[in-house]
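Protein chains: 2
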Amino acid sequence: MKVQVHVSLKPGVLDPQGRAIHHALEGLGFDGVTDVRVGREIALEVADDTSDEALDEMCYKLLANTVIENYRVEKLS
Amino acid sequence: MKVQVHVSLKPGVLDPQGRAIHHALEGLGFDGVTDVRVGREIALEVADDTSDEALDEMCYKLLANTVIENYRVEKLS
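Protein chains in written order, with this note's numbering: chain A, 1 to 77; chain B, 78 to 154.
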């Protein structure tokens with residue numbers, strides 16, 4: 001089963017990487033960009049009988065830092 | 078307009094970060110994980126009149142390294 005975990009910074013948490021990209025886009029002449037936030041997208045290939053609880057446990061134990069990050073699990077197949 | 082750019086390593090390109098996560102998941106007792114790949118998800122807030130060409134240009138000029146990475150642009154609103 002293919003699973004995608006989307007990890008993004010919580011609103012309000014500073015994102016220096018996003019800010020750097022924002023500045024670089026402006027430097028390249030792209031106007032009209034007002035915000036940039038960078039997250040991670042982790043593609044997992046897991047056994048078909050993996051439970052939702054196990055996937056959730058993977059996220060909060062390892063894949064995301066729940067103090068500053070939100071995560072969303074998406075089953076693809 | 079909200080735009081999400083999904084950047085992932087091309088197939089065949091080594092992913093040491095994904096491999097480290099894979100090993101860590103096994104160490105935590107999660108069996109049945111057969112593959113882990115890590116990508117980036119860049120959330121942009123851009124002017125509504127931003128053209129598809131401009132978005133594509135942002136990707137190949139800055140957001141993705143097209144030698145080793147694929148990207149996909151998704152307009153959310």
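No lab work stands behind these hints, which were simulated from the structure alone.
Cβ atoms here follow ideal geometry from the backbone N, Cα and C, with glycine treated the same way.
Be aware that a few hints might be false.
Covered by chain B, according to a simulated footprint, are these stretches of chain A (three or more residues, beta-carbon under 8 Å) [what the hints assert, rightly or not]:
| no. | stretch |
| --- | --- |
| 1 | 34-47 |
| 2 | 52-62 |
| 3 | 67-73 |
Results of checking the hints against the structure:
1. 34-47: holds (count 14)
2. 52-62: holds (count 5)
3. 67-73: violated (count 0)
The structure fails to meet hint 3 from the earlier list, while all remaining hints are met.
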